[in-house]
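Engineer: Chain by chain, the residues:
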Amino acid sequence: MGRFAKNIIEFDRVSFRYQSVPVLDNITLAVREGEFLGLVGPNGGGKSTLLKLIMGLITPDAGTVKVFGTAAKKARARLGYVPQFARFPSDFPITVEETVLMGCLNPGRLLQRYTQKDRELARKCLKETGVAEFADRPIDQLSGGQLQRVLIARALASEPDLLLLDEPTASVDSHQEKGVFDLFKELNKRMSIIVISHDIGFITDYVDRVACLNKELLCHETHCITPDVIEQMYGGHVHAIHHHSHAI
Amino acid sequence: MMEFFTALAEQSFLQSAVIAGVLASIACGLIGSYVVVMRISYLAGGIAHSVMGGMGIAYFLGGSPFVGALIAAVISALIIGLVKLYWQAREDTLIGALWASGMALGIIFISQTPGYQVDLMSYLFGNILLVAEDDLWLMAGMDVVIVGAIALLYRPFQAVAFDPEFARLRGLPVNLLYLLLLCIVALTVVLLIQVVGLILVIALLTLPAAIAGHYVRTLSSLMALATLLGLGFTSTGLALSYGPDLPAGATIILLAAGCFVISSLFSARKKSMQSPETPRK
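First to last, the protein sequences are chains C and S. Counting with our numbering, you get residues 1 to 248 for the letters of the first sequence. Counting with our numbering, you get residues 249 to 529 for the letters of the second sequence.
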């Protein structure tokens, strides 16, 4: 099966409200197999909500979400997820390796222990994200960038077919950002990726397509991000800056 | 101190007290580790105090106060847990309400119980020196249940305590595991209140694990160290209190709290001297 051959995610007229506030309105979107999709938009525009719908952590108020051709909840095992920032307490007593091993937890099995195979997989994922040397460290001794790479390794340990990343470079220094996205580009050779970002200019160098989200889906082809669209998304006070690729 | 060891060799009530300390330390070291890393000591306190309501009602109806306490603890654990999982907002207010109204309910029912005066102090501070042999077996049984549950569910519990959202994505029954953990906390609290009193239960649940947290880097070593510290505090506290005839439970609590303060200062100083190159927010 070739790249882009079929849809792995299908949103059909999906709406979602948080309490009574509409967050997503009538979203129709398809993501194709092997695609690297960027998701941009203002804060509160519904980007994280869209990822949660894909993961089946919430259900839409209207419309349907299909992931790998089935209900979102059933497809969870094929997803890898990297949160925007670590939600756990930083002083939780746990090592980097144990954190990554959580990606190996299997759905539906309660009495599970980690096998030698799981440990080898965890080490491999840590190596791939470039933080293997920290395997035995407690997580509270990592910098923001190192922790982010550990969380990416945890997502990879689930051996996902689709990787979901919620602002993966929010806690990373800007000079490390390129390294992280180069890693995603490499991973994209074997899995589909959806990445949330608010840096449109930066991600367009990496992604196949950009979807702009502000309650509604405004646009989902990279070439049509015009100053008009940006203004519609963020309001009138944003000036378009023309990026000449990598010119400094 | 010497007279404590002489007495220990001769007096069976002291031997029982030391054994009770050991058994309580195991339960509190294991469960207290979850309480501390999940930051739910206030929740555990709420469950512990709401138990009074169940006991009072049981006295009034002429039933077993132990069964009343158990029912009240499990009900309040489930209420607090369900509110946290499904309602999210303001669980701290709810815990405070359960805490206060549980005790108030207990006092009203006990006051209306004809011809029966229960010493409330004994429920607050207990008396580790008056532990009966039956209680020791009950505690030993509870320790077996707790060790068994944790041995079987260590990984899922760890995942739920660490990052519930990710655990849910990996297909774990997060809500079920969370409520189960709270019920185990409730069970631990109820059984230990009978023996060592409510205040000592809260102290043993939180202080050893909090101190251990300054020194270890995995949950399993936190459990082991917290249990050892609990052992140290209960036996040393018993020994210290014996000579001057101080209340044993209160001595144990103050010893643990004193060590906690010293350890916190020590670890704060250590941290400020070796902060990582790029510290996280």
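Treat the hints as calculated values from the structure; they're not laboratory data. Keep in mind that a hint or two might mislead.
[Claimed, not checked] Which bits of chain S does chain C cover? Going by a derived footprint, with three or more residues having C-beta under 8 Å, they are:
no., stretch
1, 256-264
2, 379-388
3, 492-506
[Unchecked claim] Derived pair list, reagent style DSS-like, types lysine-lysine, alpha-carbon separation capped at 30 Å:
no., chain 1, residue 1, chain 2, residue 2
4, C, K127, S, K332
5, C, K73, C, K124
6, C, K117, C, K189
7, C, K178, C, K74
8, C, K127, C, K215
9, C, K124, C, K215
10, C, K215, C, K185
11, C, K74, C, K124
12, S, K519, C, K73
13, C, K215, C, K6
14, C, K215, S, K519
15, S, K332, C, K74
[To be verified] Here are some, though not all, of the chain C residues that point toward chain S, as calculated from beta-carbon distances under 8 Å:
no., residue
16, G44
17, Y81
18, Q84
19, M102
20, Y114
21, K117
By construction, the Cβ of each residue, glycine as well, lies at the ideal position given by its N, Cα and C atoms.
Engineer: Look at each hint and say if it fits the structure.
Structural biologist: Status of the hints after comparison with the structure:
no.	hint	in the structure
1	256-264	violated (count 0)
2	379-388	violated (count 0)
3	492-506	violated (count 0)
4	C/K127 - S/K332	violated (38 Å)
5	C/K73 - C/K124	holds (28 Å)
6	C/K117 - C/K189	holds (24 Å)
7	C/K178 - C/K74	violated (34 Å)
8	C/K127 - C/K215	violated (38 Å)
9	C/K124 - C/K215	violated (39 Å)
10	C/K215 - C/K185	holds (28 Å)
11	C/K74 - C/K124	holds (27 Å)
12	S/K519 - C/K73	violated (43 Å)
13	C/K215 - C/K6	holds (26 Å)
14	C/K215 - S/K519	violated (44 Å)
15	S/K332 - C/K74	holds (25 Å)
16	G44	violated (18 Å)
17	Y81	holds (5 Å)
18	Q84	violated (11 Å)
19	M102	holds (5 Å)
20	Y114	holds (7 Å)
21	K117	violated (15 Å)
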